[in-house]
Amino acid sequence: MENNHLMRTSLYAGGTSPVKMIQAGFYNEDCLVYDLEDSVSAGEKDAARFLVYNAVKYQRPAGKYILIRVNGIYSRELDEDLEAAVRAQPDAIRIPKVEYAEEVQRIDEKVTAIEKKAGLPLGGVKFWCNIESYLGVLNAQQIATSSPRVVAMALGAEDFTASMSAQRTKPGWEIFYARNAILMACRAAGISAQDAVFSDINDPDGLQKDLEMTRTLGFDGKTCVHPRQIDAVNACFTPSPKEIRNAQRVLEALEEAARNHTGVCVLDGGMVDKPMEIRAKTTLAKAVAAGIKVGGEQR
Amino acid sequence: MIVNSLGRELPEKIGDYVVRPYQGAYATPAPESPVATKRTMGHRIPGDTKLLPDLKAAIQASGLKDGMTISFHHAFREGDLLIGQVLTAIRALGIKGLKFAPSAVVNIKNPSIAEFVLDGTIDRIEASGIRGELGDAALAGKVKNPVILRTHGARPRAIEAGELTIDVAFIAASAADDYGNCTGLVGPNACGSLGYAFVDAHNAGCVVVVTDNLVDYPCCPVSISQQYVDYVVKVDQIGDPEKIGKGAARLTKNPRDLMIAERTADLIAASRRFKEGFSFQTGAGAIAIATTKYLADRMRERGVKASFALGGIPAAIIDMYDEGLVRVVECSQSFDAVAARAIFDRPGVVEIDNADYANAYSKGGFLNREDFGVLGALEVDTDFNVNILTGSSGEMMGGLGGGPDVAGGAAISIVTIPIIRGRTPSIVKRVFTLCTPGETVAAVVTEAGIALNPRHKIYAELKEDLEKTSLKLVTIEELQQLCEKLTGVPKPIKTTDRVACIVEYRDGTVIDVIREIKK
Amino acid sequence: MELKKPAMAGTTESSDVMITLRPNPEGGIVIDLKSDVKALFGDAIEKTIREVLGDFDVRDALVNVVDKGALDFVIRARMQCAICRAAEIEYDWSREDENGK
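So the protein lines, in turn, are chains A, B and C.
Residue numbers are given in the working numbering: position 39 of the first sequence equals residue 39, and the series is strictly consecutive.
Position in the second sequence (first residue = 1) + 1000 = the working numbering.
Position in the third sequence (first residue = 1) + 2000 = the working numbering.
It is worth saying that the hints were derived from the structure and are not from the lab.
Be aware that one or more of the hints could be misleading.
Sample of chain A residues at the chain C side, in silico, Cβ under 10 Å [to be verified]: (1) P18; (2) K20; (3) Q23; (4) Y53; (5) K117.
Quick look at which bits of chain C chain B covers, simulated, 3 or more residues with Cβ under 8 Å [as the list claims (entries may be wrong)]: (6) 2038 to 2046; (7) 2070 to 2079.
Values in this document were obtained by computation on a predicted structure and should not be read as measured data.
Virtual Cβ for every residue (Gly too), placed ideally from N, Cα, C.
Construct the complete structure from the given sequences, taking the supplied hints into account.
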């Protein structure tokens, strides 16, 4: 992945509440999404646009990956949203309910035109695509490669299950295929895969179980619906001290095997193969990115 | 003009008050002379009664005259109904020019204290803080003599040094017998610990106990003994139970406050002093209660129990005691009904004299043994000085309370504060009113990170302990710059030369003054 | 630019500002400011309000401001929104390019 900013957690801040927008800058989420879409009522779309533009332009929180979620592709707000959002110069624009690669390409063209008009570096602002329907899932591969701006795809589970006439449950079997389809499309395109929210903020155990799935499947990050989920989700994507130690042992064993010119590397009675080596390096890279002192004393 | 060691300019004299400028948190030794008192021996023949029919009779019997000093304690907080009744009776008797010296000033309304100041019943005030109407009146120049503000610990010191002499102390009690044995631990309007009343009971010229719950002799339990009491009066109501302190405060839902609280608990848990037998205090505000809960979680996780918790006690700490996480709870004040009633039936929950909690000038009290003290603040500056008295526009908002005492005594004092409140910056270059000297503040915890004070005596140790964690450490200058970037630079508040309030430190020196606001 | 009708933007939530704009038939800009931080930031708030009115070349307006501790960018955003609503225009975002920050 070319973008080396951590993307373990995203938090939305509705473009209607200044106090929430300001406070959102202080939590531990990696990515902050200022929202012009679902959290803003029809009558306040204009107000939200001004608020979000000025927030990102004049009081952008340091050290965070900043996104602006614009209104839907076919909405009447989209064009003006883009005029404001591109000029605010966030890291990325988050596009809701993407179903076809052509939709992304159309928006890419509009954004490029605005960048030109405004004298901004072409291709500077990236896209995150929210996949929220079965068509989006079916077209995930094409959407993931539709534009060089696309750096992440995220599953919007609530709308997806509605589009399927399915029921949204905590175990999440109804989104199992969608999760994997998006993951595979992201891997094929070399972009970040973001998991759906766990919406019950009063069920920390339920969140942990959901995070087990998120992690085992291989997601790079997850959207949080409330600040109190942030630490748990960050921790999910941060290797534990045990995992770090194991990863270090794998790499040390490989180094020693190389030094002694032994053909096969063995650790704990098992062979160390290439996938293990890749996993170990990824684990250490994640740890370092999360600010953990690797190779030193842990807490 | 003189300048104290913190750079605050002070007049040499304010009226007849001679200013002794602050020179350092531990600069003043104890006086060698014995403590002063206005208590006289007394002599009662068996058969004499102390019970008088009403407040008017008690005031007359006390010999209260113009210009004398009266005192009250604040254990009933916002629910106090005694102060208003006594002042009303005093005014009806035509007594004027009194010095009003409560242990704090809660914001009573109806009647408001300001009334009695404006009509001349009261012409001097010495307290821990003045708020609302009274505060505004003082800053507008309507209180003739400057108000002297003292910390919880400084008040008993001043009394024993003879600087504050109390002629008549009115002690509200939720249960009392007709000979003066009284307490706040039981009764329909129980307020809990009477910690702030002890020094008055022991040293006032005349002590009047007032209750709405006269019990059979002898009252048991007893907090203040009959041997100190001159008169007893029964009134219809001593306090408003709704306002004295209801049920336990609910845990805040504000994610910002929860984050600050959790960081504070993490800081404590990361310190090497967080081990079996450690001691702490937290307080009553939203962040304090949340900190208490997170601290309890860490104690459970690590199997660490505290030897004692100290000071003003909320239900959250009683819960910890019940769970076996704290061996002894030393209460100088009870913040809610749960804490109020806990002293009576839990052997390890104990009422203590406020002086034992906070007075730096005794033979050694609890604060000298405390490991962690968590404090609130209105403003902190880049020297770690704390303001807990005046708000952003210079208005009187808080009270000194025990903050400066805790910072001066506890090993590690932690100030918890959000970096901005609305558009008001909390971390500034220079606090408007200096209450707690920076040298006694070890750490400031905000949602934007933790700043450690390099000039604090525990700095090196705390820094070493915290660097092992992933807690975000920043400098206080970075926090101040962040505040300024968010809010912009505020216009300085203009004051006149007239001093409205004198802010004393624990040792009676003047740490700052509050001047009237220019209109 | 002329304001065509009264318009409001913002709320009275903490850290927000509620701005009500009305055309001023008598001409000129009249600002009525209520704020808890008037002593500290009253001048700064007024400055921002006049600046934004200037950006839109609005010369005649009655501006009623109820501030609950809004940061500068919020005041700016609410003013821009209120002016567009009162003048019944859509904002030309390419104006931001000229100011070039």
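Do the hints match the structure? See the list:
1. P18: 5 Å, holds
2. K20: OK, holds: K20 of chain A within 10 Å of chain C, min 9 Å.
3. Q23: With a closest approach of 9 Å, the Q23 of chain A hint holds.
4. Y53: The hint holds - Y53 of chain A has a Cβ within 10 Å of chain C, the shortest such distance being about 7 Å.
5. K117: 6 Å, holds
6. 2038 to 2046: The restraint on the region 2038 to 2046 of chain C holds, since 7 of its residues have a Cβ under 8 Å from chain B and three suffice.
7. 2070 to 2079: holds (count 3)
Checked against the numbered hints above, the structure violates none of them.
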